[in-house]
Amino acid sequence: MSMNVTLAALAAALTVLLWAIRVDRRPIHPARPRLLPHIPIMMIAAVAAIVLIGHLVTLVTGRPFEGRFSP
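Quick note on this note's numbering: the sequence shown kicks off at 169 and runs consecutively.
Calculated from the structure, these hints are not laboratory results.
All C-beta atoms in this analysis are idealised placements derived from N, C-alpha and C, irrespective of residue type, glycine included.
It is possible that part of the hints are untrue.
[What the hints assert, rightly or not] What follows is a list of derived Cβ distance ranges for each label pair:
| # | residue 1 | residue 2 | range |
| --- | --- | --- | --- |
| 1 | Arg194 | Arg236 | 39 to 45 Å |
| 2 | Gly235 | Pro195 | 44 to 50 Å |
| 3 | Ala199 | Val225 | 44 to 50 Å |
| 4 | Arg236 | Ala214 | 22 to 28 Å |
Could you put the whole structure together from the sequences, leaning on the hints where they help?
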């Protein structure tokens, strides 16, 4: 992925994460149940943001991440 695609995906993941946090903090109304599970959406968006930040670091530095056991 290029830098622009990575930044766009990171912005989308952070937007979804902030939306899920905002919706989760609203008070619960018994007459209007929540139709989406916001905690799993929050977790998936957070993991996606972390992975995209790692990918962004590799794009900026030009050096891929290496595992602990790579030669």
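Regarding glycine 235 and proline 195, is the given constraint of 44 to 50 Å on their beta-carbon distance met? holds (45 Å)
Does the Cβ-Cβ separation between alanine 199 and valine 225 fall within 44 to 50 Å?
Holds, at about 46 Å.
Outcome for the supplied range 39 to 45 Å, where the beta carbon pair is arginine 194 and arginine 236: holds (42 Å)
Arginine 236 versus alanine 214 beta-carbon gap, inside 22 to 28 Å or not: holds (23 Å)
Violated hints: none; the structure is consistent with every hint.
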